[in-house]
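Number of protein chains: 2
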Amino acid sequence: MDFAALLAQTKPPKRQTVAVAAAEDSVVLQTLVDAYKEGIADAVLCGDETRIREIAQAKGIDISPFAIMHAADEKKAAAAAVAAVREGKADMLMKGLLQTSSLLKAVLDKEHGLRGSGLISHVAVTYSPILDRTLFLSDGGMITYPDLAAKAKIIDNAVLAAKGMGVVLPKVAVLAAVETVNPDMQPTIDAAALTQMNRRGQIKGCIVDGPLAMDVALSPYAAEHKGIKSEVAGYADILIFPNIEAGNCALKIFTCAANGIFGGVVMGAAAPIVLSSRGDSEQGKLFSIACAGKIAMNN
Amino acid sequence: MDFAALLAQTKPPKRQTVAVAAAEDSVVLQTLVDAYKEGIADAVLCGDETRIREIAQAKGIDISPFAIMHAADEKKAAAAAVAAVREGKADMLMKGLLQTSSLLKAVLDKEHGLRGSGLISHVAVTYSPILDRTLFLSDGGMITYPDLAAKAKIIDNAVLAAKGMGVVLPKVAVLAAVETVNPDMQPTIDAAALTQMNRRGQIKGCIVDGPLAMDVALSPYAAEHKGIKSEVAGYADILIFPNIEAGNCALKIFTCAANGIFGGVVMGAAAPIVLSSRGDSEQGKLFSIACAGKIAMNN
Chain G
55 MDFAALLAQT KPPKRQTVAV AAAEDSVVLQ TLVDAYKEGI ADAVLCGDET RIREIAQAKG
115 IDISPFAIMH AADEKKAAAA AVAAVREGKA DMLMKGLLQT SSLLKAVLDK EHGLRGSGLI
175 SHVAVTYSPI LDRTLFLSDG GMITYPDLAA KAKIIDNAVL AAKGMGVVLP KVAVLAAVET
235 VNPDMQPTID AAALTQMNRR GQIKGCIVDG PLAMDVALSP YAAEHKGIKS EVAGYADILI
295 FPNIEAGNCA LKIFTCAANG IFGGVVMGAA APIVLSSRGD SEQGKLFSIA CAGKIAMNN
Chain S
55 MDFAALLAQT KPPKRQTVAV AAAEDSVVLQ TLVDAYKEGI ADAVLCGDET RIREIAQAKG
115 IDISPFAIMH AADEKKAAAA AVAAVREGKA DMLMKGLLQT SSLLKAVLDK EHGLRGSGLI
175 SHVAVTYSPI LDRTLFLSDG GMITYPDLAA KAKIIDNAVL AAKGMGVVLP KVAVLAAVET
235 VNPDMQPTID AAALTQMNRR GQIKGCIVDG PLAMDVALSP YAAEHKGIKS EVAGYADILI
295 FPNIEAGNCA LKIFTCAANG IFGGVVMGAA APIVLSSRGD SEQGKLFSIA CAGKIAMNN
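Read top to bottom, the protein sequences are chains G and S. First residue of the first sequence? That's 55 in our numbering, and the numbers climb one at a time after it. First residue of the second sequence? That's 55 in our numbering, and the numbers climb one at a time after it.
Chain G with its partners taken away, still in its complex shape (with noise of 0.2 angstroms):
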């Protein structure tokens, strides 16, 4: 599937509405313009109204299908964004030019917030090439080193993420070195933990299984080589990591050395975020939209 298709298949099947904090930035703008030529978003800017229409106009950007909220400073208008969602202006969140924490305060304030389940998580959504799937894995770029509470917790960020893009009952993979449990390795204990406690009801909406390797939890013949018995090995919908490195060293390896188109969207707030950097492609940034609309559609 090339990237057209792909976009064709993630996009909401109508524009859903961004609201972005701090929208003073030429390549937020361009980004946003063309997920609207696309029909994935329409876009609430909040910011410096001169200064958005200063960069728009010497950008030659059209940014004339979007409203603008003028917010004086970074924490206006991370606050008039959330303000936004809150409201029911828009669907869902965009990080503009501001830091990250920043944006973050604004959504987990008590009174004025968007809070969630509890966990802020991120959720990178990569679709493969070579294996002809979308895969959600987390958390490889906001929580770096989880304990239970916290895994079962990205376990339920990651699966309304899954959901919300059309997987009925995700298969998740609780990733480790090994397949056994193994008292020196924890990851391989919390796997297992996590294992039981969706059988017990506590993690819901999923079939959780673990501890998986890599190998494992991507490909039938492994599973079956290894001798694994398992509703979730060879087929996972959703990857645990067990720590931060482990995360970002995959994500990073779909997009750098196995032609994935990567996304990523932030869970656990009442909306997804999306918090796309320079960094990522022009694709990468697009179909990051297309995840958290469709996401935000459907939650």
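Rather than coming from a laboratory, the hints here were simulated on the basis of the structure. Warning: the hint list may mix true and false statements.
Chain copies aren't distinguished; within one or between two, either way the pair holds.
Unchecked claim - Lysine-lysine pairs mimicking BS3-like chemistry, simulated, CA-CA at most 27 angstroms apart:
1. K225 <-> K280
2. K159 <-> K91
3. K280 <-> K159
4. K164 <-> K130
5. K113 <-> K164
6. K225 <-> K159
7. K129 <-> K280
8. K280 <-> K113
9. K225 <-> K207
Using the hints, position chain S against chain G.
Structure of chain S alone, referenced to chain G:
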């Protein structure tokens, strides 16, 4: 580069001899015959001679080119294979049908072993057709949670492997999730320390830089985009992982989702050790022996 070209480039200019511990296994015997036919390796088969001959006959495997050293049990087979290398009858070791721990016990025996640098570690050798590069990944298979001292030795071992395979001055990326030193992320601190240990001559024969995230290690564009000035960024030969989960996930993505060819060599003993497992592809098994042969010849 297809597999035939890769193998031709990798294999030693003349056959090296591999001493196989517990060779009574049809898959191992077939791999050895394949390696012999490719001009990669001769073999000394250590194990139960009757059983070895029975298996070869039953499967129609012609083991006539190989020497057999009879050993009544697994422990004796391991000792015999180690002795063959010590006495110069073989250049490298290979694991047959025995536990890895049994083989390593013989290798580490103070009196009769093949002790080397002090730390035995696993170096995965991966050819990525998408990047058209051979990468050395460590440690995704043996050392679980290395401390700083262990990481330095893991680098030494990987550098020996890379140099043995013809990389004159290996570029070593010490991986983390970010490129900045973060007091709350131990891998970034260790990476900085390893970089400085290299500058002070405590780690030799290579250029070390870290912390680097995987994209910056692999892609010159990512490195440039993030403004990382580094002799390693974008062109890493060796990837050093902070923990076994990160390393294991990474090497399995290269093979399962990136069309990579994967071989593995255990370094740190007085000779390279081939530890291919039944789950490895035929190509991977041959590639492992070719890598070990080249390393044995050049070290």
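Hint by hint, here is what the structure shows:
1. K225 <-> K280: within (19 angstroms within a copy, 35 angstroms between copies)
2. K159 <-> K91: neither (31 angstroms within a copy, 65 angstroms between copies)
3. K280 <-> K159: Classified as between: cross-chain Cα gap 25 angstroms, same-chain 46 angstroms, threshold 27 angstroms.
4. K164 <-> K130: Answer is within: at 16 angstroms inside a copy they meet the 27 angstroms cutoff, but 68 angstroms across does not.
5. K113 <-> K164: Answer is neither; intra-copy 38 angstroms and inter-copy 71 angstroms both fail.
6. K225 <-> K159: neither (32 angstroms within a copy, 40 angstroms between copies)
7. K129 <-> K280: The answer is between: 25 angstroms across copies meets 27 angstroms, while 53 angstroms in one copy does not.
8. K280 <-> K113: between (56 angstroms within a copy, 22 angstroms between copies)
9. K225 <-> K207: The answer is within: 16 angstroms in one copy meets 27 angstroms, while 38 angstroms across copies does not.
The structure fails hints 2, 5 and 6 (numbered hints given earlier, in ascending order).
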